Amino acid sequence: MTKKGFTLIELLIVIGILAILASATVLILNPAQILQESRDTQRLNDLGTINSAIALYLATNTTPTFTTAWRCTLSPVAAPCAGAIANQIRLLDGTGWVAINLGTTSGLSTLPMDPNGTQTAALHYSASTNDAAKTWELTAQMESVRYSNTGGADKESTDGGSSADCYEVGTNLVLIAGAGC
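Numbering-wise, UniProt numbering puts 133 at position 133 of the sequence shown, and it's gapless, one number per residue.
Take the hints with a grain of salt, since some may be wrong.
[As the list claims (entries may be wrong)] Have a look at the derived ranges for each label pair, beta carbon to beta carbon: (1) S23 with D131: 51 to 59 angstroms; (2) V26 with T62: 36 to 44 angstroms; (3) A164 with T118: 21 to 29 angstroms; (4) S38 with A86: 20 to 28 angstroms; (5) L29 with S157: 24 to 32 angstroms.
I should point out that these hints are in silico values taken from the structure, not numbers from a laboratory.
The structure presented is a predicted model; accordingly, all values stated were derived computationally and were not measured.
Idealized CB from N, CA, C, for every residue including glycine.
Produce the complete structure using the sequences and hints provided.
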(Lines of atoms letter the chains of each structure in order from A and count residues from 1; the text may use other names and numbers.)
(Lines give C-alpha, C1' and ligand atoms only; values in the text may rest on other atoms or scores of the structure.)
Protein backbone atom coordinates (compact mmCIF):
# COMPACT_ATOMS: atom_id res chain seq x y z
CA MET A 1 0.00 0.00 0.00
CA THR A 2 1.39 3.36 -0.99
CA LYS A 3 0.70 6.44 1.04
CA LYS A 4 -0.20 9.60 -0.80
CA GLY A 5 0.18 13.01 0.78
CA PHE A 6 2.66 15.63 1.85
CA THR A 7 5.21 15.21 4.55
CA LEU A 8 5.55 17.72 7.35
CA ILE A 9 8.82 18.98 5.89
CA GLU A 10 7.22 19.64 2.49
CA LEU A 11 4.36 21.54 4.12
CA LEU A 12 6.75 23.66 6.21
CA ILE A 13 8.81 24.53 3.12
CA VAL A 14 5.68 25.63 1.20
CA ILE A 15 4.43 27.69 4.17
CA GLY A 16 7.87 29.31 4.49
CA ILE A 17 7.94 30.21 0.79
CA LEU A 18 4.43 31.68 1.01
CA ALA A 19 5.41 33.74 4.06
CA ILE A 20 8.45 35.15 2.24
CA LEU A 21 6.32 36.02 -0.82
CA ALA A 22 3.65 37.68 1.34
CA SER A 23 6.26 39.76 3.19
CA ALA A 24 7.89 40.83 -0.06
CA THR A 25 4.51 41.78 -1.53
CA VAL A 26 3.60 43.94 1.47
CA LEU A 27 7.00 45.66 1.39
CA ILE A 28 6.80 46.33 -2.35
CA LEU A 29 3.16 47.44 -2.53
CA ASN A 30 3.07 49.53 0.68
CA PRO A 31 -0.69 49.44 1.34
CA ALA A 32 -0.62 52.63 3.45
CA GLN A 33 0.84 54.59 0.53
CA ILE A 34 -1.72 53.09 -1.86
CA LEU A 35 -4.56 54.23 0.43
CA GLN A 36 -3.06 57.74 0.62
CA GLU A 37 -2.80 57.87 -3.17
CA SER A 38 -6.41 56.75 -3.58
CA ARG A 39 -7.57 59.48 -1.18
CA ASP A 40 -5.51 62.03 -3.14
CA THR A 41 -7.17 60.87 -6.35
CA GLN A 42 -10.54 61.41 -4.67
CA ARG A 43 -9.43 64.92 -3.65
CA LEU A 44 -8.45 65.73 -7.24
CA ASN A 45 -11.80 64.42 -8.50
CA ASP A 46 -13.82 66.25 -5.83
CA LEU A 47 -12.21 69.62 -6.53
CA GLY A 48 -12.51 69.06 -10.28
CA THR A 49 -16.22 68.32 -9.90
CA ILE A 50 -16.84 71.42 -7.79
CA ASN A 51 -14.77 73.55 -10.18
CA SER A 52 -16.93 72.30 -13.08
CA ALA A 53 -20.13 72.90 -11.08
CA ILE A 54 -19.14 76.52 -10.41
CA ALA A 55 -18.27 77.06 -14.09
CA LEU A 56 -21.66 75.58 -15.06
CA TYR A 57 -23.38 77.87 -12.54
CA LEU A 58 -21.70 80.90 -14.13
CA ALA A 59 -22.56 79.75 -17.65
CA THR A 60 -26.25 79.09 -16.92
CA ASN A 61 -27.07 81.92 -14.52
CA THR A 62 -27.63 85.41 -15.92
CA THR A 63 -27.07 87.09 -12.55
CA PRO A 64 -24.66 84.88 -10.62
CA THR A 65 -24.08 85.77 -6.99
CA PHE A 66 -21.02 84.79 -4.99
CA THR A 67 -20.49 85.53 -1.34
CA THR A 68 -17.01 86.95 -0.90
CA ALA A 69 -15.71 84.55 1.72
CA TRP A 70 -13.10 81.97 2.60
CA ARG A 71 -14.62 78.79 3.96
CA CYS A 72 -13.33 75.32 4.62
CA THR A 73 -14.33 71.88 5.86
CA LEU A 74 -12.45 72.16 9.15
CA SER A 75 -14.48 71.04 12.11
CA PRO A 76 -14.58 72.98 14.33
CA VAL A 77 -14.09 75.86 11.94
CA ALA A 78 -10.82 77.64 12.69
CA ALA A 79 -9.37 80.93 11.52
CA PRO A 80 -8.93 82.08 8.85
CA CYS A 81 -11.72 79.87 7.51
CA ALA A 82 -15.13 81.12 8.56
CA GLY A 83 -18.78 81.18 7.71
CA ALA A 84 -19.82 77.54 7.41
CA ILE A 85 -21.59 76.04 10.41
CA ALA A 86 -20.80 72.39 11.15
CA ASN A 87 -24.28 71.03 10.38
CA GLN A 88 -24.47 73.12 7.17
CA ILE A 89 -20.97 72.49 5.85
CA ARG A 90 -22.11 70.13 3.05
CA LEU A 91 -25.10 72.21 1.87
CA LEU A 92 -25.18 73.48 -1.71
CA ASP A 93 -27.24 76.59 -0.96
CA GLY A 94 -24.26 78.90 -0.37
CA THR A 95 -24.12 78.29 3.39
CA GLY A 96 -21.78 75.29 3.03
CA TRP A 97 -18.03 75.41 2.61
CA VAL A 98 -18.47 76.76 -0.95
CA ALA A 99 -20.09 80.19 -0.67
CA ILE A 100 -22.01 79.89 -3.95
CA ASN A 101 -25.57 78.59 -4.32
CA LEU A 102 -24.98 75.51 -6.49
CA GLY A 103 -28.24 73.83 -5.52
CA THR A 104 -30.17 74.12 -8.78
CA THR A 105 -27.49 73.77 -11.45
CA SER A 106 -24.64 71.64 -10.13
CA GLY A 107 -25.93 68.10 -10.36
CA LEU A 108 -24.42 67.48 -6.91
CA SER A 109 -26.46 66.23 -3.97
CA THR A 110 -24.06 67.61 -1.32
CA LEU A 111 -20.64 69.19 -1.16
CA PRO A 112 -17.89 66.59 -0.74
CA MET A 113 -15.67 66.40 2.31
CA ASP A 114 -12.01 65.39 2.45
CA PRO A 115 -11.87 61.57 2.11
CA ASN A 116 -9.62 61.25 5.16
CA GLY A 117 -12.75 61.76 7.23
CA THR A 118 -11.23 63.77 10.06
CA GLN A 119 -11.07 67.28 8.51
CA THR A 120 -7.86 68.20 10.29
CA ALA A 121 -5.80 71.35 9.81
CA ALA A 122 -3.65 69.42 7.34
CA LEU A 123 -6.37 67.53 5.45
CA HIS A 124 -9.42 69.55 4.50
CA TYR A 125 -10.94 71.39 1.54
CA SER A 126 -11.21 75.16 1.35
CA ALA A 127 -12.85 77.59 -1.04
CA SER A 128 -12.43 81.30 -1.50
CA THR A 129 -14.73 83.39 -3.68
CA ASN A 130 -14.78 86.96 -4.89
CA ASP A 131 -18.20 88.34 -5.83
CA ALA A 132 -16.99 91.49 -7.59
CA ALA A 133 -14.68 89.61 -9.96
CA LYS A 134 -16.74 86.37 -10.05
CA THR A 135 -13.60 84.35 -9.35
CA TRP A 136 -12.89 81.43 -7.05
CA GLU A 137 -10.16 79.17 -5.73
CA LEU A 138 -10.52 75.65 -4.31
CA THR A 139 -7.67 74.01 -2.39
CA ALA A 140 -6.70 70.70 -0.82
CA GLN A 141 -3.56 69.30 0.76
CA MET A 142 -2.21 66.13 -0.84
CA GLU A 143 -1.52 63.32 1.59
CA SER A 144 0.68 60.92 -0.37
CA VAL A 145 4.31 61.45 -1.24
CA ARG A 146 3.54 60.71 -4.90
CA TYR A 147 1.14 63.67 -5.39
CA SER A 148 2.85 66.10 -2.98
CA ASN A 149 5.28 68.75 -4.18
CA THR A 150 8.20 66.38 -3.60
CA GLY A 151 6.66 63.40 -5.39
CA GLY A 152 6.99 61.99 -8.87
CA ALA A 153 3.42 62.94 -9.86
CA ASP A 154 3.52 66.37 -8.17
CA LYS A 155 0.10 68.06 -8.25
CA GLU A 156 0.75 70.77 -5.66
CA SER A 157 3.55 72.87 -7.14
CA THR A 158 2.61 72.30 -10.80
CA ASP A 159 -1.00 73.53 -10.68
CA GLY A 160 -0.18 77.19 -11.40
CA GLY A 161 -1.31 78.34 -7.97
CA SER A 162 0.35 80.57 -5.41
CA SER A 163 1.19 77.77 -2.95
CA ALA A 164 3.65 74.98 -3.63
CA ASP A 165 2.15 73.01 -0.72
CA CYS A 166 -1.52 72.91 -1.82
CA TYR A 167 -3.39 71.65 -4.83
CA GLU A 168 -5.32 74.63 -6.22
CA VAL A 169 -8.00 74.92 -8.93
CA GLY A 170 -10.28 77.74 -9.98
CA THR A 171 -10.12 81.01 -11.88
CA ASN A 172 -7.99 83.05 -9.45
CA LEU A 173 -5.33 80.94 -7.78
CA VAL A 174 -4.08 83.73 -5.51
CA LEU A 175 -7.28 84.31 -3.50
CA ILE A 176 -5.83 82.21 -0.66
CA ALA A 177 -2.22 83.32 -1.26
CA GLY A 178 0.11 82.97 1.69
CA ALA A 179 -2.58 81.77 4.06
CA GLY A 180 -2.11 78.03 3.62
CA CYS A 181 -4.53 75.54 2.21
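Cross-check of the supplied hints:
Distance hint for S23 and D131: a CB-CB separation of about 57 angstroms, consistent with the stated range 51 to 59 angstroms. The beta-carbon spacing between V26 and T62, approximately 57 angstroms, falls outside the hinted interval of 36 to 44 angstroms. In this structure, A164 and T118 meet the distance hint of 21 to 29 angstroms, their C-beta atoms being roughly 24 angstroms apart. Distance hint for S38 and A86: a CB-CB separation of about 26 angstroms, consistent with the stated range 20 to 28 angstroms.
In this structure the supplied range 24 to 32 angstroms holds for L29 paired with S157, their Cβ-Cβ distance being about 27 angstroms.
Of the numbered hints listed earlier, the single one contradicted by the structure is hint 2.
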